[in-house]
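A.B. asks: Those protein sequences? They're chains A and L, same order as listed. For the first sequence, our numbering assigns the number 1 to the initial residue and increments by one for each residue that follows. For the second sequence, our numbering assigns the number 1 to the initial residue and increments by one for each residue that follows.
Treat the hints as calculated values from the structure; they're not laboratory data. The structure displayed is predicted, hence computed values, not measured ones. Misleading hints may appear alongside valid ones.
Since the list can't tell identical chains apart, any single copy or any two copies may satisfy a pair.
Unchecked claim - Cross-link-like lysine-lysine pairs, in silico, DSS-like; alpha carbons within 25 Å at most: (1) K255 to K171; (2) K54 to K123; (3) K74 to K123; (4) K111 to K311; (5) K313 to K171; (6) K255 to K315; (7) K171 to K151; (8) K313 to K111; (9) K74 to K118; (10) K54 to K118; (11) K322 to K171; (12) K111 to K54; (13) K313 to K151; (14) K50 to K171.
Protein chains: 2
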Amino acid sequence: MFRVRNRTELETRNTKQINKMEKPYVIGMDMGGTNTVFGIVDARGNVISKSAIKTNTHDDVNLYINDLHVEMSKLIDAAGGIDKIKGIGVGAPNGNYYTGNIEFAPNLPWKGVIPFAKLMTEKFGVPAALTNDANAAAFGEMTYGAAHGMKNFIMITLGTGVGSGIIIDGKVVYGHDGFAGELGHVNVMRNNGRLCGCGRSGCLEAYASATGVARSAREILESSNKASLLRNIPIDSITSKDVFDAAMEGDEVGKEIFNFTGRILGEAFSDFVAFSAPEAIVLFGGLSKAGDMILNPIIENMEKNILPIWKGKVKVLFSDLKEADAAVLGASALAWEL
Amino acid sequence: MFRVRNRTELETRNTKQINKMEKPYVIGMDMGGTNTVFGIVDARGNVISKSAIKTNTHDDVNLYINDLHVEMSKLIDAAGGIDKIKGIGVGAPNGNYYTGNIEFAPNLPWKGVIPFAKLMTEKFGVPAALTNDANAAAFGEMTYGAAHGMKNFIMITLGTGVGSGIIIDGKVVYGHDGFAGELGHVNVMRNNGRLCGCGRSGCLEAYASATGVARSAREILESSNKASLLRNIPIDSITSKDVFDAAMEGDEVGKEIFNFTGRILGEAFSDFVAFSAPEAIVLFGGLSKAGDMILNPIIENMEKNILPIWKGKVKVLFSDLKEADAAVLGASALAWEL
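Just chain A, with the same shape it has in the complex:
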């Protein structure tokens, strides 16, 4: 019996190895409101090929998937055909890991509930899994990035919106319904808070997103007479990039805006720490390019507001994934679990 059992184990192991050799790649796909970027990724986290299509030119999700199939097939064929692909991991706004659906995404052209993972599997003939873009980023950071080896951290994505992916005990927190981790929508201003895209007031996202930063600029410029380089720009077209450029040139208003944004983030982070006691909070996305200008006020205000037991203990880090690849890598990490 021993020998037979061992032979069976050996066969199983060999079959697994052959499978791994036969399917050495996954596809990672990052769906944004404007563009969809995808790439073929190997087991070491190398993006071996990459391409993109427009998201918002397709009113019908089936036409979108058709276009995706045409473009993705070029990469797949170059990599040796679909038999080499273990699965497809998708990061999508309002993506639900449990159901594989995209549900009521305000920034996508398709309304209601879209069974996206199912449609992808049917079209490509390989398994597909879905999560929201911030969870995918957290997955990528844990698998290949700044949080490699960490079992408890929070990923905060500072882009057009503010997203989050929460890792506890080495796993993404999905919660009861698959939608956990909406830290861009905790309240940071109970009274007279700014209106947020979600319809509520005072959300973190209304202050700490790129649009929030631009809005802070308009508010400060309109409510004061402070001299600023930003006054050279038509007030309604000021972007977070303009604020960054001004601050880099020593503009006081520009610096004040980053201090304000960092304070709001740092205060919010002190509450996040009280929830899940993470080892680190990892920042990703456009605003994180501001470097110390945003990091210093975040850390200062987080430390000022945090419970004594956590003072000086929680790291705030920038993602160290190449920004161009991070979203694709994050989504791809999901596909290895399939």
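Following the hints, put chain L in place on chain A, whose structure we already have.
C.D. replies: Quick look at chain L alone, frame taken from chain A:
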């Protein structure tokens, strides 16, 4: 080989059964700042015997454990001796599950870091595990109570302080350092918030604890001329129980205080939901006796502030464990895992 393996398996299984028969009980112990309550619990969650000692009369933790040993031994002997006890589960303020230490507990007579689980194991000769009281309560609620069968919920204890135990995927969230789940200390009032016992300002605990409710009463009575039954009580000796009694008699100030407390809690809960998307939030402790008077404003304000995807979906429940047994049961649930 097969036969031998099977015999070994059978023996192992029998040994396990014998162990379970030989060790049919655990001890659950709830350490409060004033009293320590403990009991012997069977596998079905019956508290078969119970006793208590004072906590705060022992300046030396070793003397406390000696007294505990004397009193607990009476129960243990009546249950058939220490061989029948699988282990001891302890719920203690600032108890750290990972280390078994009680660390810097402001409400206990012993300062610094106390290796409590180790001391208990040495004294009693059985394994001991430790967590904080709110985590123990969450454990008990999941094992025997209102959250039975739930894998994602948040326990909020409304007592002298405000504590929390967070369950995600069926497990207590301990975080990187063992101290996760301090939701009594998230900020609910950034400007001019009340000073909290933790040294910071604006914490949930400063508003929603029993002392917070009494403080709300003093603030309202001192800042207005509203008629109230509470004016019959010396203002510095008003308790949350007095506020409850007044509100039950229709007192407008009493009702206003519960509405205010419920609003603060409901607003905070809407942020907690954005973090972990729980199936339910379970309330436990003295204030939860206020029933609908506290529950209605909590639900109203949580629903008003919650992200649209969760509207009408998150239950707010009262614990259904017998209050006298809940803490002991919760701590005992920990001991079965040993």
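A.B. asks: Each hint should be assessed against the structure and marked as holding or not.
C.D. replies: Taking the hints in turn, this is what the structure says about them:
no. : hint         : result
1   : K255 to K171 : neither (37 Å within a copy, 43 Å between copies)
2   : K54 to K123  : within (18 Å within a copy, 68 Å between copies)
3   : K74 to K123  : within (15 Å within a copy, 70 Å between copies)
4   : K111 to K311 : between (45 Å within a copy, 19 Å between copies)
5   : K313 to K171 : both (21 Å within a copy, 24 Å between copies)
6   : K255 to K315 : within (23 Å within a copy, 44 Å between copies)
7   : K171 to K151 : both (8 Å within a copy, 15 Å between copies)
8   : K313 to K111 : between (43 Å within a copy, 21 Å between copies)
9   : K74 to K118  : within (22 Å within a copy, 62 Å between copies)
10  : K54 to K118  : within (21 Å within a copy, 61 Å between copies)
11  : K322 to K171 : within (23 Å within a copy, 34 Å between copies)
12  : K111 to K54  : within (17 Å within a copy, 62 Å between copies)
13  : K313 to K151 : within (15 Å within a copy, 29 Å between copies)
14  : K50 to K171  : neither (27 Å within a copy, 39 Å between copies)
When each numbered hint is compared with the structure, violations occur for hints 1, 14.
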